[in-house]
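Position chain B relative to chain A; hints supplied.
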Amino acid sequence: MVFVNKFARWTFFTAIILYVLIPMLAVLVYSFSTRWTSNILPDGYTLSHWGDSFRDERLRAALWRTLWMAGAVLIFDILLVVPAVYWQRVRNPRIRIFTELLAAIPFALPFIVIAFGILRIVGTSAPTVLFEIADVLPGFLGDRLVSIGNWLPTMLGTPWIILFGHAAIAFPFLYWAVDGSMAAANIGRLNEAAQMCGATPIQILRLVVLPNIGAGLAAGGMLVFATSFGEFALVQILAGARFENISLYSLDLLNNTTSQVEKLAVLTIVTFAILFAISIGVVYLNRGQGSRLLPGARAMGGEK
Amino acid sequence: MAKAVPTPTGAGITEEKLSSSRFRLGRWVREGLAAWLPALPLLIVAGAFLLLPTIQIVYQSVHNSELGWTLQFWKDTFQSNGGRKSILTSIRLGLISATIALFIGAPLAWLISRMLTAKRSVWLALMNVSANFGGIGLAFSYVAALGTYGMVTLAFKDIGINFTPPQVGTLASLILAYSYSNVPLFVLLTLPAMSILRTDWMEAAEVAAASRFQFWRYVGLPILAPFFIAGWLLIFTWSLGIYGLAYALGANASAAGQLRLITLYIGLFLNTSAGREERAAVMAALLLGMAAVSLILYRLILRWALRWFS
Chain A
1 MVFVNKFARW TFFTAIILYV LIPMLAVLVY SFSTRWTSNI LPDGYTLSHW
51 GDSFRDERLR AALWRTLWMA GAVLIFDILL VVPAVYWQRV RNPRIRIFTE
101 LLAAIPFALP FIVIAFGILR IVGTSAPTVL FEIADVLPGF LGDRLVSIGN
151 WLPTMLGTPW IILFGHAAIA FPFLYWAVDG SMAAANIGRL NEAAQMCGAT
201 PIQILRLVVL PNIGAGLAAG GMLVFATSFG EFALVQILAG ARFENISLYS
251 LDLLNNTTSQ VEKLAVLTIV TFAILFAISI GVVYLNRGQG SRLLPGARAM
301 GGEK
Chain B
1001 MAKAVPTPTG AGITEEKLSS SRFRLGRWVR EGLAAWLPAL PLLIVAGAFL
1051 LLPTIQIVYQ SVHNSELGWT LQFWKDTFQS NGGRKSILTS IRLGLISATI
1101 ALFIGAPLAW LISRMLTAKR SVWLALMNVS ANFGGIGLAF SYVAALGTYG
1151 MVTLAFKDIG INFTPPQVGT LASLILAYSY SNVPLFVLLT LPAMSILRTD
1201 WMEAAEVAAA SRFQFWRYVG LPILAPFFIA GWLLIFTWSL GIYGLAYALG
1251 ANASAAGQLR LITLYIGLFL NTSAGREERA AVMAALLLGM AAVSLILYRL
1301 ILRWALRWFS
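Chains as they are written, first to last, in the working numbering: chain A, 1 to 304; chain B, 1001 to 1310.
With the rest of the complex left out, here is chain A:
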């Protein structure tokens, strides 16, 4: 009985390890193989795909675009989220009603639906509404609205729309992390103490709040970065080929060119390595904090 139990468990574990590792292994071997169409292992090995891939202008440009966009989204989200969370904790708790509702949207709603909505809002709905208001409002104000309405659709296909879209879908990660670490640091008390000493809100934010939420900021920030880095739906729908990031380039390699599979293998490994490093960082930063039971639930330790 014990033997059978042990055997069953061993089989279960081995099957899962194989299931996880074999696809990755296949991609890795692909990136080093010369020709691979007949046997379990390739006919020969080479390092040339790695060199070729990194000399490929298009790949480098896509990787660079993806990286700077993720960095820009991260900075933008920090600027948006930290003041809002600080203010809802120390000054106006009613803000929370709205932030929590907004944070729930990308958590549950598929990004392809959000992309569809943004496309129609920016492309048609918002301009239409603006033109209608401009009809009623004569003069300078109306003219301004008309020019905004004409300008909005031109934003589609530019990095700007991706920056705003990604900032919106990724903000909940930073929001939850920052909110949690502000609770753990007891920001309310610290704020009172700082106010008594005559500090201005900006000073408090810079000298009291930020140093105390470092871990949350880093963990949430990494998730924001990773979200933008691996995102596909918004980039495909809102920008397409005009902002080719690594997801779009990968899809193109997968669909169109059979001769460049090895390049795709290299790109897949690089992408994966970056995302995996980020996730290890998040796990490392979250150690020691009360474990979150499920996303959206409050941490077990710490708060209350």
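Derived from the structure by calculation, the hints contain no laboratory data.
Treat each hint with caution, since some may be false.
[As the list claims (entries may be wrong)] Computed spacing ranges between beta-carbons, pair by pair:
#	chain 1	residue 1	chain 2	residue 2	range
1	B	Arg1030	A	Trp68	36 to 46 Å
2	A	Glu132	B	Thr1099	41 to 51 Å
3	A	Thr158	B	Thr1099	40 to 50 Å
4	A	Gly240	B	Asn1252	14 to 24 Å
5	A	Val129	B	Arg1030	22 to 32 Å
6	B	Arg1120	A	Val129	47 to 57 Å
7	A	Asn186	B	Ile1296	44 to 54 Å
8	A	Leu163	B	Arg1030	30 to 40 Å
Just so it is clear, CB atoms sit at the ideal spot from N, CA and C, and this is done for glycine as well.
Just chain B, lined up with the frame of chain A:
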């Protein structure tokens, strides 16, 4: 103590100043700004790029310029063969994929939670590996492992076993690929909850001569069930909305009419204008409705799950 804390606004205002209505309006605006200003950028960006698109989708599914307010698009979608098929296939895919995640992930999460620290970190790293591998990269690795010239396919050929894995673009291939990240996600979601079930309770049950089955039937599962159900619900909801992976594996099959999914219908419509705007809007609104329902259910389940800890 602390009686001399100055209030930020409204200090030093005299009665006659307050009586002026113009001043009152100014004060109202100023206080409103002071209460909301630091949060306004976030509320505006998230409102414009999350809330407005949501409203837009719902609006578009029940309104257009010719017909005005109408439920016609919903009726059309459900009556059309393709629409019904897309919806049913998506739901079936979500159900199967979430159930696989539950049946493999739940025992795995339990076993991992009882491991010693070193072994557990190795398993956590492994789970993180596959949870982070998704989208186009995962689609490619499916081809690299199980495609016509995939590693596994070739391996079976080498041994002499005639085995053809599910072809790219079939429902089975999507289920396999979805499960690759769903199972570890389920483990990572439910792992923290496993520590709730204390080893003492197992020992207590054992002392009371309960069999292992009895322990799980009367103690273990009743406590963990809500967490498992919540995890299942999240995986189900997320599976319905998976797009990048589905597009990479199934776009061709979908364009050829062999595979129908809600997300693929929307994606193909937006990319190639195949299909109809209203129908895409209805399907998007349907995803939205299901997401909203499962979010509410998730909150309720979570409250039920945490009933021991309040």
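So, going through the hints one by one against the coordinates:
1. B:Arg1030 x A:Trp68: 36 to 46 Å: 39 Å, holds
2. A:Glu132 x B:Thr1099: 41 to 51 Å: 49 Å, holds
3. A:Thr158 x B:Thr1099: 40 to 50 Å: 43 Å, holds
4. A:Gly240 x B:Asn1252: 14 to 24 Å: At roughly 18 Å between Cβ atoms, Asn1252 of chain B and Gly240 of chain A fall inside 14 to 24 Å, so the hint holds.
5. A:Val129 x B:Arg1030: 22 to 32 Å: Given a distance of about 29 Å, which is inside 22 to 32 Å, the answer is holds.
6. B:Arg1120 x A:Val129: 47 to 57 Å: With a Cβ separation near 55 Å, Arg1120 of chain B and Val129 of chain A satisfy 47 to 57 Å, so the hint holds.
7. A:Asn186 x B:Ile1296: 44 to 54 Å: 31 Å, violated
8. A:Leu163 x B:Arg1030: 30 to 40 Å: This hint holds: roughly 32 Å between Cβ atoms.
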